[in-house]
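*Asks:* If you want the building blocks of each chain, they are given just below.
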Amino acid sequence: DAKTTQPPSMDCAEGRAANLPCNHSTISGNEYVYWYRQIHSQGPQYIIHGLKNNETNEMASLIITEDRKSSTLILPHATLRDTAVYYCIVRVSGTSYDKVIFGPGTSLSVIP
Amino acid sequence: KAGVTQTPRYLIKTRGQQVTLSCSPISGHRSVSWYQQTPGQGLQFLFEYFSETQRNKGNFPGRFSGRQFSNSRSEMNVSTLELGDSALYLCASRLGTGGYEQYFGPGTRLTVT
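Here the protein sequences line up with chains D and X, keeping their order. For the first sequence, the numbering used here gives the first residue as 1, with consecutive numbering after it. For the second sequence, the numbering used here gives the first residue as 1001, with consecutive numbering after it.
Keep in mind that the hints were calculated from the coordinates and are not lab data. Do not take every clue at face value.
As the list claims (entries may be wrong) - Where chain X lies over chain D, by a calculated footprint (3+ residues, C-beta under 8 Å):
no., region
1, 43 to 56
2, 103 to 112
As the list claims (entries may be wrong) - Listed below are the simulated DMTMM-like cross-link pairs for lysine to aspartate or glutamate, each with C-alpha atoms no more than 20 Å apart in a straight line:
no., chain 1, residue 1, chain 2, residue 2
3, D, Lys52, D, Asp67
4, X, Lys1013, X, Glu1052
5, D, Lys52, X, Glu1101
6, D, Lys3, D, Glu58
7, D, Lys3, X, Asp1085
8, D, Lys52, D, Glu14
Idealized CB from N, CA, C, for every residue including glycine.
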């Protein structure tokens, strides 16, 4: 199974961009990178996903390096409500159906 | 469109008892996955159901079981509860297996005393 490595915690000033890195050096060619976040005591929330091209939606941007061994989630203007644990996940494609394996994630604190 | 719902939201059980948790996926979603979340172990995959069949299973003992009904609703059961089973149990649904994003419910907080 491909695994991801994320820093355990990060701080970001309110209004600034939050850049959350993720390493996935053993990713396979057909595996996607997904990002979720979990605000305290709530269920995880899907943010964005990508294969090899950069992606952007209303919540965030995802930058994937050309060799696909790492990626960065960018929250362009962090607010206090973005304080959460952010999970970077690589989809593990089995012989039939996918398993979704969560690592420990990065705890992002947005500071006023 | 209504989100994923889980019942009950909170539950207190005694060691040795059994418990059944329920999950209703988003309308049209056919895949339901279950996760256990504890402070020490984080989010751990329990199992995934699609079309009433278990498609994937995590590394949990046989005391943890589940099922899915024809309307895609799912239940998970834990028998012979242990103190270590105290956790937030999360259910997630998606359209089908494969490259679709999951949508999580609010979870059921189980406390075993």
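*Asks:* Look at each hint and say if it fits the structure.
*Replies:* Verification of the supplied hints:
1. 43 to 56: Result for this restraint: holds, n = 5.
2. 103 to 112: That given contact holds, which follows from 3 residues of the region 103 to 112 of chain D lying within Cβ reach (below 8 Å) of chain X.
3. Lys52(D) with Asp67(D): holds (9 Å)
4. Lys1013(X) with Glu1052(X): Violated, at about 28 Å.
5. Lys52(D) with Glu1101(X): Roughly 17 Å between the alpha carbons, so the hint for Lys52(D) and Glu1101(X) holds.
6. Lys3(D) with Glu58(D): violated (27 Å)
7. Lys3(D) with Asp1085(X): violated (26 Å)
8. Lys52(D) with Glu14(D): Violated, at about 30 Å.
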